[in-house]
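Number of protein chains: 2
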Amino acid sequence: MKKTILKQYAQLLVEMGVNIQKGQELMVFASIKQEALVKEIAVAAYKKGAAKVSVEWGSDALTKVHYRYQSVKQLGKVEEWEKAKLQHRVDVVPARIYIADEDPDGMKGVNQKKVAKARMMSYPIIKPYIDQLENKEQWCIAGAASPEWAKKVFPGMSKSKAVEKLWEAILETSRMGEDPVRNWKEHNADLRRRCDYLNSLNLKSLHYEASNGTDFTVGLIDEARFLGGSELTLGSNIEFNPNIPSEEVFTSPMKGEAEGIVYASMPLSYEGELIENFSVRFESGKAVEVKAEKGEELLKQMISMDETAAYLGEAALIPYDSPIRKTGILFYNTLYDENASCHLALGMGFTNVIKDYEKYTQKELQDMGVNDSMIHVDFMIGTRDMNITGTDKDGKKIKIFENGNWAF
Amino acid sequence: MKKTILKQYAQLLVEMGVNIQKGQELMVFASIKQEALVKEIAVAAYKKGAAKVSVEWGSDALTKVHYRYQSVKQLGKVEEWEKAKLQHRVDVVPARIYIADEDPDGMKGVNQKKVAKARMMSYPIIKPYIDQLENKEQWCIAGAASPEWAKKVFPGMSKSKAVEKLWEAILETSRMGEDPVRNWKEHNADLRRRCDYLNSLNLKSLHYEASNGTDFTVGLIDEARFLGGSELTLGSNIEFNPNIPSEEVFTSPMKGEAEGIVYASMPLSYEGELIENFSVRFESGKAVEVKAEKGEELLKQMISMDETAAYLGEAALIPYDSPIRKTGILFYNTLYDENASCHLALGMGFTNVIKDYEKYTQKELQDMGVNDSMIHVDFMIGTRDMNITGTDKDGKKIKIFENGNWAF
Numbered sequence: 007m008k009k010t011i012l013k014q015y016a017q018l019l020v021e022m023g024v025n026i027q028k029g030q031e032l033m034v035f036a037s038i039k040q041e042a043l044v045k046e047i048a049v050a051a052y053k054k055g056a057a058k059v060s061v062e063w064g065s066d067a068l069t070k071v072h073y074r075y076q077s078v079k080q081l082g083k084v085e086e087w088e089k090a091k092l093q094h095r096v097d098v099v100p101a102r103i104y105i106a107d108e109d110p111d112g113m114k115g116v117n118q119k120k121v122a123k124a125r126m127m128s129y130p131i132i133k134p135y136i137d138q139l140e141n142k143e144q145w146c147i148a149g150a151a152s153p154e155w156a157k158k159v160f161p162g163m164s165k166s167k168a169v170e171k172l173w174e175a176i177l178e179t180s181r182m183g184e185d186p187v188r189n190w191k192e193h194n195a196d197l198r199r200r201c202d203y204l205n206s207l208n209l210k211s212l213h214y215e216a217s218n219g220t221d222f223t224v225g226l227i228d229e230a231r232f233l234g235g236s237e238l239t240l241g242s243n244i245e246f247n248p249n250i251p252s253e254e255v256f257t258s259p260m261k262g263e264a265e266g267i268v269y270a271s272m273p274l275s276y277e278g279e280l281i282e283n284f285s286v287r288f289e290s291g292k293a294v295e296v297k298a299e300k301g302e303e304l305l306k307q308m309i310s311m312d313e314t315a316a317y318l319g320e321a322a323l324i325p326y327d328s329p330i331r332k333t334g335i336l337f338y339n340t341l342y343d344e345n346a347s348c349h350l351a352l353g354m355g356f357t358n359v360i361k362d363y364e365k366y367t368q369k370e371l372q373d374m375g376v377n378d379s380m381i382h383v384d385f386m387i388g389t390r391d392m393n394i395t396g397t398d399k400d401g402k403k404i405k406i407f408e409n410g411n412w413a414f
Numbered sequence: 007m008k009k010t011i012l013k014q015y016a017q018l019l020v021e022m023g024v025n026i027q028k029g030q031e032l033m034v035f036a037s038i039k040q041e042a043l044v045k046e047i048a049v050a051a052y053k054k055g056a057a058k059v060s061v062e063w064g065s066d067a068l069t070k071v072h073y074r075y076q077s078v079k080q081l082g083k084v085e086e087w088e089k090a091k092l093q094h095r096v097d098v099v100p101a102r103i104y105i106a107d108e109d110p111d112g113m114k115g116v117n118q119k120k121v122a123k124a125r126m127m128s129y130p131i132i133k134p135y136i137d138q139l140e141n142k143e144q145w146c147i148a149g150a151a152s153p154e155w156a157k158k159v160f161p162g163m164s165k166s167k168a169v170e171k172l173w174e175a176i177l178e179t180s181r182m183g184e185d186p187v188r189n190w191k192e193h194n195a196d197l198r199r200r201c202d203y204l205n206s207l208n209l210k211s212l213h214y215e216a217s218n219g220t221d222f223t224v225g226l227i228d229e230a231r232f233l234g235g236s237e238l239t240l241g242s243n244i245e246f247n248p249n250i251p252s253e254e255v256f257t258s259p260m261k262g263e264a265e266g267i268v269y270a271s272m273p274l275s276y277e278g279e280l281i282e283n284f285s286v287r288f289e290s291g292k293a294v295e296v297k298a299e300k301g302e303e304l305l306k307q308m309i310s311m312d313e314t315a316a317y318l319g320e321a322a323l324i325p326y327d328s329p330i331r332k333t334g335i336l337f338y339n340t341l342y343d344e345n346a347s348c349h350l351a352l353g354m355g356f357t358n359v360i361k362d363y364e365k366y367t368q369k370e371l372q373d374m375g376v377n378d379s380m381i382h383v384d385f386m387i388g389t390r391d392m393n394i395t396g397t398d399k400d401g402k403k404i405k406i407f408e409n410g411n412w413a414f
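Chains A and R, in that order, are what the protein sequence lines are.
At position 206 of the first sequence the residue is numbered 212 (this note's numbering), and the sequence of numbers has no breaks.
At position 261 of the second sequence the residue is numbered 267 (this note's numbering), and the sequence of numbers has no breaks.
Same shape as in the complex, but just chain A (with noise of 0.2 Å):
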């Protein structure tokens, strides 16, 4: 790929993405395979007056020799020094920016149940320190292209030329044309008005419907906002935008509130390894049973992650005709998958979809339907055919989807 778009790109996360503010720190969590990027993130972000730029390199190769030789007690330990930089980001709160590069099928063959339990280990030590940071951090997931995940998504092409066309399809959703940052602007203004108006219904549940079986319906908090785009810290009010390309409007469900069942319109990539062909039936908001072509052990799994992770996070509405899903392309990863289809996601619920969050506790926020767990898995329901319709306080029905795409 060409330098100067590289830099343009590096500039977009780093301006648009986390919106880093001068003497800020900024944390960078990236494959080795992404030197160049990462580099090109650094000069921007000093550039824009960072203080301090830290990188933590990640290689799938050893995680994988770690889960398979490490003991279960050993991948959960948190030692002291890790909890004192825990602390370090409580202290100075830094931008984050998560580059997404992920082969599909990178941790194939590993045990999945040890790392889950190494996990549910951690999870208590890490969650005071993470609840501390909640809203209040600006961070921001973008993609990278691997010659793994290339390969993956292009499997007809040689290396170089899967790449090379990944790349191209990174750049175009992340709608980096001429002036990404305008571009950006206009696009969180488009979003921010489907809000509005979702927002000014007032609706009281939604309920889905499809040709291949999907029939479900989950209830909404009344406290609750629809939200796209861009979103601001708190306390501090800085801009940023989570993910790049974000093409959803979204909003946190009443926890116990979902009935029916959903099926799956595209392979979900979870800790390394695809579930495909999978349906999902709720009861009183729980996933009580689940079905899997492939991957229905890891599934199964997922969900009993903790009490809380068969229950639902999000649901999000993307428009058939989103530019990501029209591109054609099966990236095999979530931040685009996600994008390109209506989805849910099992597990944490986002708090800052409560108007005026900042008075409430996460207590108080949890109580009022928020869903809290340690995962918050991503899945995509969203056909061609797809219609959903809204029913407010005093039993209206809306259309919002017709035919996969917005109804208004």
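Calculated directly from the structure, the hints in this document are not laboratory data.
Please note that the accuracy of each hint is not assured.
Just so you know, same-sequence chains aren't split out, so a pair can sit in one copy or run between any two.
To be verified - Below, computed lysine to any residue pairings styled on SDA-like, alpha-carbon distance capped at 20 Å:
1. K79 / G334
2. K91 / S128
3. K403 / P153
4. K157 / S285
5. K123 / I335
6. K191 / F35
7. K332 / H193
8. K91 / Y135
9. K45 / Y75
10. K28 / T367
11. K54 / R74
12. K91 / Q80
13. K300 / N194
14. K54 / Q76
15. K91 / S60
16. K79 / R125
17. K89 / Q138
18. K9 / E265
Place chain R on chain A using the hints.
Chain R alone, transformed into the frame defined by chain A:
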């Protein structure tokens, strides 16, 4: 490179290099270019029973960006969590493997004064932790070919050919051969015999002479021994090989006793920059004059890092016919070049050269004449015609080197 050979090399570093113990932690310091080797090191260490392998990935490209844009204050800062991490190292005493693959010119253009200032800030904070670990850890520095380094060593070749050739040289000089473990056992026994003989002589000083103008005398410490090859950890008596390759027999000379001039016989790569064609003149143990055709400023800065950086910490004897010199390759990397030539080191000495060093405090060992400094920089002085003569406590002269090689 073939995977089987990489695996064998990793095994050599893990088993002979640090000799990892069951239940021990291993820290690996490597550039992000060395994923394949680091993975094999991790597997080898786990198979030997390591409880945890952690990797500190480095990127020269990023380091350069940090040096350029961070303030000195920021660069020199040691955060609380970083102190906690050092404390963890003191508590668990992990083994450490360093993979050297640096581009010898990789830090060209960096403001070395700024970097030096930052290092002077952080050093006093880090030093108490390092002191507690002195002689207790197994560690090993070994090489790996990177494209940048390979192109510097073999500038006429294509990148892939140069990498292949450099790997060949690394494996050969690391005595991989048929049975690497046996090779190293034999080699260590040979070095031990050299040391035993030298130690039987009770030398008070060494005088170096060569046709390039070198005419130099260094005093030796009564209680100090010559060491070479494998060493033992303090307390736990674990045998390890700190350098792969290693051809040297060395000691730490008497601080304050060095007179005359030495001419470097090879370029020195320091902080990612080359210092070439230089000389150092000593008076009363101290480097009082340095001259260099290239990098003189950097050399001057180096010996000013602290008050003891201009004193010697090491005198090492390597025959001109060493297998590394015989490859005919100038590696531009101290690990290799120092093992191709007699060398001296400015800065910190090794307290474990003192007989029964475990009975003394660090302070007492330094009072005997072992220099302490924040730097330890080897530079090569051996030539084809170098003669070295020892003087024992009765004033008797004993030939140690004749025409560049062992005289005994």
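Hint by hint, here is what the structure shows:
1. K79 / G334: Answer is neither; intra-copy 44 Å and inter-copy 50 Å both fail.
2. K91 / S128: Cα proximity of K91 and S128: in one copy and across copies (15 Å, 18 Å).
3. K403 / P153: neither (48 Å within a copy, 65 Å between copies)
4. K157 / S285: Answer is neither: 27 Å inside a copy and 55 Å across each miss the 20 Å cutoff.
5. K123 / I335: Neither: 34 Å inside a copy, 51 Å across copies.
6. K191 / F35: Neither way: K191 and F35 sit 25 Å apart in one copy and 43 Å across, limit 20 Å.
7. K332 / H193: Within one copy only: 17 Å inside, 66 Å across.
8. K91 / Y135: both (10 Å within a copy, 18 Å between copies)
9. K45 / Y75: between (32 Å within a copy, 12 Å between copies)
10. K28 / T367: neither (29 Å within a copy, 47 Å between copies)
11. K54 / R74: Answer is between; shortest inter-copy Cα gap is 14 Å, intra-copy 42 Å.
12. K91 / Q80: both (18 Å within a copy, 17 Å between copies)
13. K300 / N194: neither (37 Å within a copy, 55 Å between copies)
14. K54 / Q76: between (41 Å within a copy, 12 Å between copies)
15. K91 / S60: Classified as both; 12 Å inside a copy, 16 Å across copies.
16. K79 / R125: within (10 Å within a copy, 37 Å between copies)
17. K89 / Q138: within (13 Å within a copy, 23 Å between copies)
18. K9 / E265: neither (50 Å within a copy, 53 Å between copies)
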